[in-house]
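**Q** Join the two chains into one complex using the hints; note that each chain is given alone, in its own frame.
Protein sequence lines correspond, in order, to chains E and Y.
Here the first sequence stands for residues 22 to 316, where the numbers follow the numbering used here.
Here the second sequence stands for residues 913 to 1174, where the numbers follow the numbering used here.
Everything labelled a hint here was simulated from the structure, so no lab data went into it.
If you're wondering where the values come from, they're calculated on a predicted model, not measured in any experiment.
One or more of the hints may lead you astray.
Computed from the model, here is a short list of chain E residues facing chain Y with C-beta under 7 Å [as the list claims (entries may be wrong)]:
no.	residue
1	Ala89
2	Gly220
3	Ala221
4	Ala224
5	Ala230
6	Phe238
7	Arg243
8	Ser250
Derived DEER-like restraints, expressed as beta-carbon distance ranges [what the hints assert, rightly or not]:
no.	chain 1	residue 1	chain 2	residue 2	range
9	E	Ala163	Y	Arg1062	37 to 43 Å
10	E	Thr166	Y	Glu1110	53 to 59 Å
11	E	Ala163	Y	Arg924	45 to 51 Å
12	Y	Ala1131	E	Gly155	51 to 57 Å
13	E	Ala163	Y	Ala1131	47 to 53 Å
14	E	Thr146	Y	Ser973	20 to 26 Å
15	E	Thr26	Y	Arg1159	32 to 38 Å
16	Y	Arg971	E	Val303	40 to 46 Å
17	E	Tyr53	Y	Leu1029	57 to 63 Å
Among the chain E residues that face chain Y by a calculated CB cut under 7 Å, a handful are [unchecked claim]:
no.	residue
18	Ala227
19	Ala228
20	Gly229
21	Pro233
22	Gln234
23	Pro246
All residues carry an ideal CB built from backbone N, CA and C; glycine is no exception.
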Amino acid sequence: MAAETGVPARPFPIRSRGAVLISIGIAAALAYSHLGLALGDLVPDAGGLEIARDFFSRAFSPAMSHEADWVPDGTASLPMRALRAIGRTIAFAFAAMSLALLIGIVFGFTSSTAWWAGRPAGAETALGRFLRRGVGPAFWLASRTFIVVVRSIHELLWALLFLVSFGLSDLAAVLSIALPYGGYLAKIFSEVVDEAPRGAAQALTAAGASGPQTFLFGLVVRSLPDLLSYSLYRFECALRSSAVLGFFGYSTVGLFIRQSFLSSYYGEVWTYLYVLIAVILVFDVWSGAIRRRMV
Amino acid sequence: MSPDPGASFELRRATVRFGATVALSACDLRIDAGERVALVGPSGSGKSTLLYLLNATLRPSEGTVFASGRDLSTLSSGEIRKMRAGIGAVPQDLRLIPNLRVVQNVVTGRTGRMGFLRSLREVFHPSKETVREVYGILERVGIAEKIFERTDRLSGGQQQRVAIARALFQRPGAILADEPVSAVDPTRARDTVELLGEIARERGLTLVVSLHNLELARALFPRIVALRAGSVAFDRPADEISDEDFRRLYELADHEMLGDGC
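Just chain Y, with the same shape it has in the complex (with noise of 0.2 Å):
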């Protein structure tokens, strides 16, 4: 089970709605292999909806999605779970399994490459091997010593670096952070983000994170999608925005942007 190499996206015309919302409107965007990308935009701007194509978690109402070159609409249901496995995700709200251990709640992230029964013994017991590759990434995100502990005695911040380890389990192609700092204070919120950076870096993996915050975004990721009202409103790389371009996304939302967005 070798890593997949970094996991490359392309919206095509991608349109979501939802009934007569429109959450995202004809976008086109190309993320290639090993590529670390923000997406950045007021709320109700279409982050998390475009976040939730990529790994086909929403379908779009129009257009086309392709994850590694792949029409995600042309796969079927077990072709689906077999490229969701290679997509590392780290919700907003973590969705951990408050009643196990660290180390259960990590494993739970490779049973999308595991049969049934073997997913039961490494959940429930897991092997030796498995422990000391846990404990390698826990190490990784800097909380190796609650490998045993109930994952709800954890700290916000500590079950936030859960998330991302059970994600890094899944030995990913790339990984999908939906607003990482929401769940922590702000002193931490840099730390996560950049941990998610540096991982991301070191493995050449594939990283898209969508961020409230336009400086965090600046100073730690190569590449800025912007968005606004469900389009792309610009797409450069951070050292070529201005804090014109940031002050105009808000400004332009803070008049368009009234009704409810996603």
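The shape of chain E in the complex, shown without the other chains (with noise of 0.2 Å):
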């Protein structure tokens, strides 16, 4: 019938997106396969079942002093030993995050292709040319393998390297999360500035203004709201990068868990995830009010 009356015919409903869909849950169902996971595997044993009473019991009932018999003369109550701890895990997380920005905005800016792209207006010099087509393509290569490659290494395998050249140095902490989240930020904004709307930037340009000021105001001030979004997100992340680091030996909250946890003071560790997630929802709710009043 629908060829009689000129109606195209329907697409079959199954085309490239369920194409997708049914491949990812093939490849899902081939990796619990490979792996050999059951169900079975969560049923813990005597041991582990009461060490997770333990553990769980104390949730309800933090520990407000040490737990330990005996402490050192001098060693700091524990919330404020807890204080502590969480103002040197925001304190390496705030200076990744200022070195990560600084990595983000300069990479962000030489791996987008909005600023090298375009044709100019008149007609073009020699040396005009040479950049857009020689200059701006080699930076912007360049700058998007050394995002790859920064990006592709998680910051406990930077923390790991580090740690085995530097040694216990807080300053190889703050590169190893600054690395990383530089190259996530350069990624995003890279994209978020080549994908703005760019009729800001046209009319720009058609009132005469230069290319710098048709990048920065058409499109990076354009792009600003998503950008500090992004940041404040990944600020988020640091926080939490920053205190498992303290896994390593480092003195963020992350270390004071794993140590209170390896002599099973329960109700310590507690105390410590207790302080952090309040860290987090505090952190949350301000960035949310920052986002609802910029966005």
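**A** So this is what it looks like as structure tokens:
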């Protein structure tokens, strides 16, 4: 009937998108069978159950003082120690994010195509042509490669690499977060700017604005809410990464969580966890407020 | 920085092709300084293409475009920028920066006449004199009280006035407006076009506006250029145009223009 009335035939419902979903399903099934995962693995033995019970039973009674029978004189009280640890966790995250933002802005710019891919308005000079055809793409490729490399190594692997090469240095801890995060930010920054609606930029060009002016006002300023929003989210991730770096011996909250856990002082573990959760919650509320104002 | 005197435009045998489509074919047109011209014609007749030629947003495939007597194809990038700084454009989709304040959007209109550092300062923290000047322009377009509001909080009609203010802040010699009525409801449409016309007359600006609405064109513009299928169908003073002319413009267009235009 459809052909007779000139209405085109309906497309078959499973096309590329459906094929992608089905492939994901098949891949998941293969992964499970390859790893031999079975629900039975989750049933713990008696010893494991007891530890779990001990641990979770302390969730409602976090420690307010040291659980050890003896602590050296001059040891800070537990709440004090937790606050200091979380303070250092935040400080590491701040230091790392400020560096990551710098990397993100510089490499986000060089990894974007918007600043060189357009054609100029009038006759092009030989130098302009060389910049556009040669220097621009070369910069782009080099910085693209750089941010892929720093990003593909997880911050914990960077921490491990730096630990091996420099020992337990705080700067190494900051760098191990700053490098991959700089890569994430650069990737997102460049994509946001490249995909920003071009209208405002075209209006600036039509009013005679120069290339840098058009780029800054028409693309970067226009993308600021998105850039800020992503940076805030990354800062929250940096707080968690900074906490986990403590497991390597850096003096963030993770160090104390690990020590207390290994000593079976579960009440202390919960104290530290609650402080960490409180900080993330406060940050979430605060960044949400900023985002609502900006976007 | 004195305002440019009204700019003039001329097309000589200007043809614009997009692939196999001819958007404008061998078009001849002269617009003198201070003239107010409405470009009318059905969708795809080449109105927007013609407007985009005038500030070198588009280059003709053949023929020549002159702005204030200068052949645009001979200008360097810097000279093109200078020429564009003197022509205010009010695009159909406004093209404002939504997350900036109204005053900042208006100031971006003059970036073409500022160095980079100066434009940074004036956009992010406009000087008192700039704010005063912007306020004056916003008063003229009727939204002075919105000067420090975020632009995307404004209604469509108010945003359109921001786009007009941005063009005026350029201190232009000419204003090009592409279908300034499509973004607002019909009652506001007349106000907007009327406002553009009054401002152009007060300041001696050349005004070229593309319009769908023929009645509006005839009521508000001394001269009307009708386009059909990429050519000038007629070019006459508004009071010499009959309803019959308009009817034929669209009738013929319906027969000829079934394909896509620009």
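**Q** Next, verify each hint and record whether it holds.
**A** Cross-check of the supplied hints:
The beta carbon of Ala89 (chain E) is not positioned within 7 Å of any beta carbon in chain Y (closest approach about 54 Å), and the interface hint is therefore violated. At its closest, the beta carbon of Gly220 (chain E) sits 4 Å from a beta carbon of chain Y; the interface hint therefore holds under the 7 Å criterion. Checking Ala221 (chain E) against chain Y: minimum C-beta separation of about 5 Å stays under 7 Å; hint holds. Because the closest C-beta pair between Ala224 (chain E) and chain Y is about 4 Å apart, less than 7 Å, the hint holds.
About 4 Å separates the beta-carbon of Ala230 (chain E) from the nearest beta-carbon of chain Y, less than 7 Å, and the hint is met. Nearest Cβ of chain Y to the Cβ of Phe238 (chain E): about 6 Å, under the 7 Å cut. The hint holds. For the restraint placing Arg243 (chain E) at the interface with chain Y, the shortest Cβ-Cβ distance is roughly 5 Å, inside the 7 Å limit, so the hint holds. With a least beta-carbon distance of about 12 Å to chain Y, the hint placing Ser250 (chain E) at the interface is violated under the 7 Å criterion.
One distance hint, 37 to 43 Å for the beta-carbon pair Ala163 (chain E) and Arg1062 (chain Y), holds here, with the actual separation near 38 Å. The beta-carbon spacing between Thr166 (chain E) and Glu1110 (chain Y), approximately 57 Å, falls within the hinted interval of 53 to 59 Å. Here the CB-CB span from Ala163 (chain E) to Arg924 (chain Y) is close to 47 Å, well matched to the stated 45 to 51 Å. For the pair Ala1131 (chain Y) and Gly155 (chain E), the supplied restraint of 51 to 57 Å holds, since their beta-carbon distance comes to about 55 Å.
Look at Ala163 (chain E) against Ala1131 (chain Y): about 60 Å separates their beta carbons, and that is not inside 47 to 53 Å. Separation of Thr146 (chain E) from Ser973 (chain Y) is about 24 Å and conforms to the stated range, judged on CB atoms against 20 to 26 Å. Separation of Thr26 (chain E) from Arg1159 (chain Y) is about 34 Å and conforms to the stated range, judged on CB atoms against 32 to 38 Å. Against the hinted window of 40 to 46 Å, the Cβ-Cβ separation of Arg971 (chain Y) and Val303 (chain E) comes to about 56 Å, which falls outside the hint.
Evaluation of the 57 to 63 Å hint for Tyr53 (chain E) and Leu1029 (chain Y) yields a pass: the beta carbon distance comes to about 60 Å. Because the beta carbon of Ala227 (chain E) sits about 5 Å from the nearest beta carbon in chain Y, less than 7 Å, this interface hint is met. For Ala228 (chain E), the shortest C-beta to C-beta distance to chain Y is roughly 5 Å, which falls under 7 Å, so the interface hint holds. With a cut of 7 Å, the hint placing Gly229 (chain E) at the interface with chain Y holds, because the nearest CB-to-CB distance is about 3 Å.
At a threshold of 7 Å, the smallest CB-CB gap from Pro233 (chain E) to chain Y is about 6 Å, leaving the interface hint in force. With a cut of 7 Å, the hint placing Gln234 (chain E) at the interface with chain Y holds, because the nearest CB-to-CB distance is about 5 Å. The interface hint given for Pro246 (chain E) holds, since its Cβ lies 5 Å from the closest Cβ of chain Y, which is under the 7 Å cut-off.
Of the numbered hints stated above, those contradicted by the structure are hints 1, 8, 13 and 16, listed in ascending order.
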